[in-house]
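One line per chain: the protein sequences are A and B, in this order.
Under the working numbering, think of the first position of the first sequence as 1, with each following residue one higher.
Under the working numbering, think of the first position of the second sequence as 1, with each following residue one higher.
Please note: incorrect hints may appear among the correct ones.
[As the list claims (entries may be wrong)] Distance windows between CB atoms, simulated:
1. K68(A) to L11(B): 39 to 45 Å
2. K71(A) to N79(B): 42 to 48 Å
3. D54(A) to K13(B): 46 to 52 Å
4. I9(A) to H10(B): 23 to 29 Å
5. T114(B) to R77(A): 20 to 26 Å
6. R15(B) to I9(A): 27 to 33 Å
Don't read these hints as lab results, they were simulated from the structure.
As the structure is a computational prediction, the values presented were derived from the model and not from experiment.
C-beta atoms are modelled at their ideal positions from N, C-alpha and C, and glycine is treated no differently.
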Amino acid sequence: AQSVTQPDIHITVSEGASLELRCNYSYGATPYLFWYVQSPGQGLQLLLKYFSGDTLVQGIKGFEAEFKRSKSSFNLRKPSVHWSDAAEYFCAVVIFSGGYNKLIFGAGTRLAVHP
Amino acid sequence: ETGVTQSPTHLIKTRGQQVTLRCSSQSGHNTVSWYQQALGQGPQFIFQYYREEENGRGNFPPRFSGLQFPNYSSELNVNALELDDSALYLCASSLGVLEVGIREQYFGPGTRLTVT
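Isolated chain A, as found in the complex (with noise of 0.2 Å):
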């Protein structure tokens, strides 16, 4: 069956540091993947997604993600973490349904940063 896991559910870091958050994906084809935040009393926002190509994709917010077919990995990774990356983030995966898509997410990374 496919699913999306996120190992880490709580990750700190300190303001400036680097960030990885970890991403691992069961799904049979080639997958359409996602990296969502989000804050508090706020919708799901995207910061990148991968289709295909170039392995190492570039979002929003100084984030990038990198695809890694043997590791079945879409690792998020950020160099210089400020207060603000303070919240949420999930993993997804698009599954295609016969007449319709849906996303698959993770149970999500909560990131706290520390000044």
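Please build the complex by placing chain B on the supplied structure of chain A, with the hints as guidance.
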């Protein structure tokens, strides 16, 4: 800029009651998907509406139902509320059925439902 709005923001209901949640789509978007996000979990797909018809459903019982109106706004109805229905309910609009996930889905801020 996302124009998806949801109402109400928060809602408290008693077990066994019924609830209606509302979603106003981004202008021009004819597809609406609803998701349930329980505390500490990622969003789970409930169902999707395209041009006023349900065209896809996740693993949710029939007491979860929906409507989409000619202006593409949408409702999620839940009957016989259970404690486990307590969650954040998100709607997302997109330009077309096959655009979901291909082009960006725009999510609303959600409705927080508490069932006591």
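Status of the hints after comparison with the structure:
no. : hint                          : verdict
1   : K68(A) to L11(B): 39 to 45 Å  : 42 Å, holds
2   : K71(A) to N79(B): 42 to 48 Å  : 44 Å, holds
3   : D54(A) to K13(B): 46 to 52 Å  : 48 Å, holds
4   : I9(A) to H10(B): 23 to 29 Å   : 25 Å, holds
5   : T114(B) to R77(A): 20 to 26 Å : 36 Å, violated
6   : R15(B) to I9(A): 27 to 33 Å   : 29 Å, holds
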